[in-house]
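So the protein lines, in turn, are chains A and B.
First residue of the first sequence: 0, per numbering that gives the first Met the number 0; consecutive thereafter.
First residue of the second sequence: 0, per numbering that gives the first Met the number 0; consecutive thereafter.
Everything labelled a hint here was simulated from the structure, so no lab data went into it.
By construction, the Cβ of each residue, glycine as well, lies at the ideal position given by its N, Cα and C atoms.
Careful, some of the hints might be misleading.
[Said to hold, decoys possible] FRET-style restraints, in silico, Cβ to Cβ:
| no. | chain 1 | residue 1 | chain 2 | residue 2 | range |
| --- | --- | --- | --- | --- | --- |
| 1 | B | 322 | A | 161 | 20 to 26 Å |
| 2 | B | 342 | A | 297 | 17 to 23 Å |
| 3 | B | 345 | A | 291 | 57 to 63 Å |
| 4 | B | 288 | A | 86 | 57 to 63 Å |
| 5 | B | 253 | A | 50 | 38 to 44 Å |
| 6 | A | 289 | B | 57 | 39 to 45 Å |
| 7 | B | 253 | A | 46 | 53 to 59 Å |
[What the hints assert, rightly or not] One-sided and incomplete, this derived list gives chain B residues near chain A with beta-carbon spacing under 10 Å:
| no. | residue |
| --- | --- |
| 8 | 238 |
| 9 | 240 |
| 10 | 241 |
| 11 | 243 |
| 12 | 245 |
| 13 | 346 |
2 protein chains.
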Amino acid sequence: MDHPENDAQYAGLAVNKGIEQPPIVNPYLKKMRTAKRRSFTASEYVEGIVKGDTSILSQAVTLVESNLYEHQTLAQEVIEKCLPHACDSVRVGITGVPGAGKSTSIDTFGLHVLKRGGKLAVLAIDPSSERSKGSILGDKTRMEKLSVHPNAFIRPSPSAGSLGGVARKTRETIVLCEAAGYNNIFVETVGVGQSETAVHSMVDFFLLIQLAGTGDELQGIKRGIMEMADGIVINKADGSNIEKAKLAQAQFRNALHLFPPTPSGWTPQVLTYSGYYELGIAEVWDMIDKYIAFVKKNGYFDYKRQEQAKYWMFETINEQLRDHFYRNPQIERMLEEKQQKVLNNEQSSFMAAKDVLDYYFDKEK
Amino acid sequence: MDHPENDAQYAGLAVNKGIEQPPIVNPYLKKMRTAKRRSFTASEYVEGIVKGDTSILSQAVTLVESNLYEHQTLAQEVIEKCLPHACDSVRVGITGVPGAGKSTSIDTFGLHVLKRGGKLAVLAIDPSSERSKGSILGDKTRMEKLSVHPNAFIRPSPSAGSLGGVARKTRETIVLCEAAGYNNIFVETVGVGQSETAVHSMVDFFLLIQLAGTGDELQGIKRGIMEMADGIVINKADGSNIEKAKLAQAQFRNALHLFPPTPSGWTPQVLTYSGYYELGIAEVWDMIDKYIAFVKKNGYFDYKRQEQAKYWMFETINEQLRDHFYRNPQIERMLEEKQQKVLNNEQSSFMAAKDVLDYYFDKEK
Numbered sequence: 000m001d002h003p004e005n006d007a008q009y010a011g012l013a014v015n016k017g018i019e020q021p022p023i024v025n026p027y028l029k030k031m032r033t034a035k036r037r038s039f040t041a042s043e044y045v046e047g048i049v050k051g052d053t054s055i056l057s058q059a060v061t062l063v064e065s066n067l068y069e070h071q072t073l074a075q076e077v078i079e080k081c082l083p084h085a086c087d088s089v090r091v092g093i094t095g096v097p098g099a100g101k102s103t104s105i106d107t108f109g110l111h112v113l114k115r116g117g118k119l120a121v122l123a124i125d126p127s128s129e130r131s132k133g134s135i136l137g138d139k140t141r142m143e144k145l146s147v148h149p150n151a152f153i154r155p156s157p158s159a160g161s162l163g164g165v166a167r168k169t170r171e172t173i174v175l176c177e178a179a180g181y182n183n184i185f186v187e188t189v190g191v192g193q194s195e196t197a198v199h200s201m202v203d204f205f206l207l208i209q210l211a212g213t214g215d216e217l218q219g220i221k222r223g224i225m226e227m228a229d230g231i232v233i234n235k236a237d238g239s240n241i242e243k244a245k246l247a248q249a250q251f252r253n254a255l256h257l258f259p260p261t262p263s264g265w266t267p268q269v270l271t272y273s274g275y276y277e278l279g280i281a282e283v284w285d286m287i288d289k290y291i292a293f294v295k296k297n298g299y300f301d302y303k304r305q306e307q308a309k310y311w312m313f314e315t316i317n318e319q320l321r322d323h324f325y326r327n328p329q330i331e332r333m334l335e336e337k338q339q340k341v342l343n344n345e346q347s348s349f350m351a352a353k354d355v356l357d358y359y360f361d362k363e364k
Numbered sequence: 000m001d002h003p004e005n006d007a008q009y010a011g012l013a014v015n016k017g018i019e020q021p022p023i024v025n026p027y028l029k030k031m032r033t034a035k036r037r038s039f040t041a042s043e044y045v046e047g048i049v050k051g052d053t054s055i056l057s058q059a060v061t062l063v064e065s066n067l068y069e070h071q072t073l074a075q076e077v078i079e080k081c082l083p084h085a086c087d088s089v090r091v092g093i094t095g096v097p098g099a100g101k102s103t104s105i106d107t108f109g110l111h112v113l114k115r116g117g118k119l120a121v122l123a124i125d126p127s128s129e130r131s132k133g134s135i136l137g138d139k140t141r142m143e144k145l146s147v148h149p150n151a152f153i154r155p156s157p158s159a160g161s162l163g164g165v166a167r168k169t170r171e172t173i174v175l176c177e178a179a180g181y182n183n184i185f186v187e188t189v190g191v192g193q194s195e196t197a198v199h200s201m202v203d204f205f206l207l208i209q210l211a212g213t214g215d216e217l218q219g220i221k222r223g224i225m226e227m228a229d230g231i232v233i234n235k236a237d238g239s240n241i242e243k244a245k246l247a248q249a250q251f252r253n254a255l256h257l258f259p260p261t262p263s264g265w266t267p268q269v270l271t272y273s274g275y276y277e278l279g280i281a282e283v284w285d286m287i288d289k290y291i292a293f294v295k296k297n298g299y300f301d302y303k304r305q306e307q308a309k310y311w312m313f314e315t316i317n318e319q320l321r322d323h324f325y326r327n328p329q330i331e332r333m334l335e336e337k338q339q340k341v342l343n344n345e346q347s348s349f350m351a352a353k354d355v356l357d358y359y360f361d362k363e364k
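Same shape as in the complex, but just chain A (with noise of 0.2 Å):
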C-alpha cells in the first residue's frame, strides 16, 4: 500500500504505519484452498453442477477459464460428461453500446424471465476485460435484484485473451450452466468489437440495444452489427424521452425493411422499453417467445444449434492451426521482416507469405 503521508493534499488519508492490514492473514489458507480444490474430480464436479450446486458450479468455471494444462484437461472431461445433462434452454445474445443500459436492462429482462420460473445464467464476452476492469459485468452490483436472486447465476467474462478462447471460454461455461439447469441463457457483449460474431455463434436469439437519437449513439457500434440482430430494442423510451424513442422505432423498423430477409425466416422486430422503469419488458420478452416458437416450429432453431456446434469445432482447429504458426518466435520475426517488404512494395503479398510458409512446413518435416 502507498503511503500518501508525504503529500500534503492527502495528509487526511494518511495511515499509520504498522496498523494496515498484511495482504493475506493466514499465508495457509490460500494454499488450502487450492488443495481443496484441485481434489475434485471430473465425476464429482459433474455430479456437483447436476445438482445445481452452484459453488462447485462457480469452481468449474474457474477450471474452464484457467489456462494451466491440467486445469483444461480436467475441465475438458468436466464438459464432456455434462453434454448428456444438458436441459432444454434458450440462449439469448444481448448487445448494445456503453452507456445504452445494458446493465440495468438485463437486471429488468432477467427478473421478467425468473418471474415465470425457472434458472438464468448471465455470462459475458469482453476480450479486453483485463484491460477495462469491470467494463462489463465486472461489477455483479450493477445488476442489483439479479445479483440477490436465488435462481440466478452471473459470470464476468473470463479475463482477456484472444477473442477466440475468450469466446470459447464462455461457449464452454453455457455447457456446464445447462446442465446445472439454467435453461435461460444470457450473453452480453459490448457491442464494439469482433466478439458480437462470437456471441451470434452461440445464441438463438440476438438482441440489440439502441437508444433513440440522432445518429451520435451510434458511433460505437460497429458495422453489421445491426443486420445480425433478430430484434432491436430502443430503451429509455420513458418521460419526456418516449417521442423520441418512438421516432427511432419508426426509423429502424424502415432500415430493417431495406435488409434482405434473414436465414431463419423470421423478421426482425423493433420495440421500445424502459429498463429503469420497467415498461414494454414484457412485449420485449414476448417477441423472444415468438421467435423462439416460430424457428422451433420451422425447424431453424435444431438446424443453428447444429450449425453453431460444427462452427465451434471447426473454429477452434482454425485458431489452433493459426496459433501453432503464428506463435512460433522465428515465424514472428520472419513476418515482421516480409510484412515490410510487402509494404515497400518489393514483394508481393503472396511470395512474402510463401517464403514464411515454406520455411514453416520444411521446419515440420
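Starting from the known structure of chain A, fit chain B onto it as the hints suggest.
Structure of chain B alone, referenced to chain A:
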C-alpha cells in the same frame, strides 16, 4: 462427337461418318503454341506487359490463373517484377444481384471513364463461375462498347476453386494490369455470396447497384453488403420508373443514416441512374472522384491499400495453413467422424477439435 443418327428425333441432324472435322486439324499446332508460350521468361513477360502488349498481358494472366506448379512459380516471378511498375490507379468494386444490370452499367461507366483518357481493366470474381458458366463476364459481348474499345481489357473470373484462390488470382491480375498502365480497375462480383468481402479487400471504392422496388429484389443480396458500400446507386431510373427510383433513393438514404460512420470518414451516397439510357452516369463518377480526393487528402487511401496488402499476406497464410490440414485424407476422415459425434452430443466441439489437432501435429513431428 456423339452420333445422334440412331435417334429418329435427331435424324435431320445426322452427320455422315467420316466427314466431321477431327478435333485437332494439325496435331502439332497446339504443341507449338504451348512451346511458344513457355519460352517466355519472366523478364520477357514483364517487358511486354510494361509496354502495354495486351496479348502478352493476357498470356500472363492465364499463367496466374493456372494451377500448375511450374506456371505458378513463373507467375509469381512476373508479379513480383511488375510491382515496381504499378501506375497510379483507382480500383472500384462493383456488385449487385443478377438482374440489377451490372453488365450494361459497367459498359456505360467504363465508356464514361475512358472518355477522360487512360485505360480500363474489367475483372471479376465469381467462385461459382465453372458451375454457372457465363454468369458474370463469361460473355464479353455483354459489354458491347467496352469489348471493342482499344483501351479496355476485359477478363472473366478465374474459373471455379476456393473463394480465396479465385480472389487471389484476381488480385494478382490487378498487379499485372496496373503495370500495363491500366489506371482504372473495375472488379465485378455477383453480390450473393462471400466474394464481396474479398472484393472489398482489394478495391478503393465499393459500389453497390440496387433496383427500386418493395424489397423483393433484395432477396439475393447477402446481409452485410449494404454496410460495406461507399456508394449505393439505383439503376433503371428512367421513364415511368423514375419516381420509384427516387423513393428508393430516399429510403436508402434514411437507412444509411442509421448506420455507424465508415472508417474512412466518408458518408456513403445514394444516387439514381440509368445504365441503359446513360442517365446520371457523370454524377455517379463524380461521387467516386470526390471519394478518392477525400480519402487521398485524409490519408485513408494509402492506409487502406497498406492494410489490404497486409490482409492478403495473412489471408494467404491462413488459407494455406487450412488447406494443408483439411486436404489431408486421414484428417478428412477423422473430421467426418468427429463431426457426427459433436452433432450427437457425444463429444464437445473443443475435444473433437483437439483430438484431430493432436493427431495432425503428432504426425508432423
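Status of each hint after checking the structure:
1. One distance hint, 20 to 26 Å for the beta-carbon pair residue 322 (chain B) and residue 161 (chain A), holds here, with the actual separation near 22 Å.
2. Between residue 342 (chain B) and residue 297 (chain A), the C-beta spacing of about 19 Å keeps the proposed range 17 to 23 Å intact.
3. The beta-carbon spacing between residue 345 (chain B) and residue 291 (chain A), approximately 26 Å, falls outside the hinted interval of 57 to 63 Å.
4. Our hint of 57 to 63 Å for residue 288 (chain B) and residue 86 (chain A) holds, since their Cβ atoms are close to 60 Å apart.
5. Taking the beta carbon of each, residue 253 (chain B) and residue 50 (chain A) are about 54 Å apart, not inside 38 to 44 Å as hinted.
6. Between residue 289 (chain A) and residue 57 (chain B) the beta carbon distance is about 57 Å. The supplied range of 39 to 45 Å is therefore violated.
7. Distance hint check for residue 253 (chain B) and residue 46 (chain A): the Cβ-Cβ separation is about 57 Å, which falls inside the suggested range of 53 to 59 Å.
8. The criterion of a C-beta within 10 Å of any C-beta in chain A is not met by residue 238 (chain B), whose closest approach is roughly 24 Å, and the hint is violated.
9. Restraint check, residue 240 (chain B) versus chain A: the minimum CB separation of about 18 Å is more than 10 Å; hint violated.
10. For residue 241 (chain B), the suggested interface contact is broken, since its CB lies about 19 Å from the closest CB of chain A, more than 10 Å.
11. Taking 10 Å as the C-beta cut-off, the interface hint given for residue 243 (chain B) is violated, the closest approach to chain A being about 14 Å.
12. For residue 245 (chain B), the interface hint is violated, the least distance from its beta-carbon to any beta-carbon of chain A being 15 Å, above 10 Å.
13. The restraint placing residue 346 (chain B) at the interface with chain A holds, with a minimum CB-CB distance near 6 Å, inside the 10 Å limit.
The structure does not agree with the numbered hints 3, 5, 6, 8, 9, 10, 11 and 12 stated previously, though it agrees with the rest.
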